[in-house]
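For the protein sequence lines, the chains are A and B, in the order given. Here the numbering used here is used: the first residue of the first sequence is 1, the next is one more, and so on. Here the numbering used here is used: the first residue of the second sequence is 1001, the next is one more, and so on.
Among the hints, erroneous ones may be present.
Under the rule of at most 30 Å between Cα atoms (straight-line distance), these lysine-lysine pairs were calculated in the BS3-like manner [claimed, not checked]: (1) B/Lys1106 / A/Lys78; (2) A/Lys57 / A/Lys78; (3) A/Lys57 / A/Lys42; (4) A/Lys42 / B/Lys1054; (5) B/Lys1106 / B/Lys1054; (6) A/Lys42 / A/Lys83.
These aren't lab readings, by the way, just hints derived from the structure by calculation. As the structure is a computational prediction, the values presented were derived from the model and not from experiment.
Each chain, written out:
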Amino acid sequence: EPEVTQTPSHQVTQMGQEVILRCVPISNHLYFYWYRQILGQKVEFLVSFYNNEISEKSEIFDDQFSVERPDGSNFTLKIRSTKLEDSAMYFCASSAAGAYGYTFGSGTRLTVV
Amino acid sequence: GIQVEQSPPDLILQEGANSTLRCNFSDSVNNLQWFHQNPWGQLINLFYIPSGTKQNGRLSATTVATERYSLLYISSSQTTDSGVYFCAVETGGGNKLTFGTGTQLKVEL
């Protein structure tokens, strides 16, 4: 069964450092997303990406965040200067037609120290 | 924005028992999905169910869009059903999902 692949599974970084979280969406999907989940809380939407541009973003997705699809397979989330409150599980997801078939990756647990 | 509330927040079952999880939402939605987050943190898509009823093995789901709620039924629960169950709704046209507060389920032997 096709899956969304995320790397790394865990990352520890020092406050103020830049991190890049990587995702390989399902190959025939057209819509890509990032979500985050702070420990013990619900999953929150960060950004959606379609046709090589951001289609929607949340209030959380401020100037410290950016997304990119550098080639035909990868989808990345960059946090420029990490803060302690950025510590969370970050999920990448992709879907085919609209929201049908939403598939999440296994997540990257980011810890900012 | 839309509010998505789930009940109960926590549930403990004996293996073999049945349960019903509820998801209420405050506005019209384009679609609704149920996810299971297993103890390893993975989010597994259970149902895409904007309306009506679907069944998949021991799980079934019903969404009554006009009354703004959805139900997830788990029958003959097993320890592997443990984890957090989230409903998530989509409003507008951007495919963004708004997740509910979750139901933490623990199935014991």
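Run the distance test for A/Lys57 versus A/Lys78: straight-line Cα separation, threshold 30 Å. Within the cut-off at roughly 14 Å; holds.
30 Å Cα cutoff - pair A/Lys42, A/Lys83: Holds, at about 20 Å.
For the pair supplied as a hint, A/Lys57 and A/Lys42, is the alpha-carbon distance within the 30 Å limit? Holds, at roughly 17 Å.
What's the verdict on B/Lys1106 and A/Lys78, does the C-alpha distance respect the 30 Å limit or exceed it? Violated. B/Lys1106 to A/Lys78 sits at ~35 Å, over the 30 Å cutoff.
Within a Cα-Cα threshold of 30 Å, do B/Lys1106 and B/Lys1054 meet the stated pairing? holds, 23 Å
Assess, step by step, whether the Cα of A/Lys42 is no farther than 30 Å from the Cα of B/Lys1054, and give holds or violated. holds, 25 Å
Checked against the numbered hints given earlier, the structure breaks only hint 1 and satisfies all the rest.
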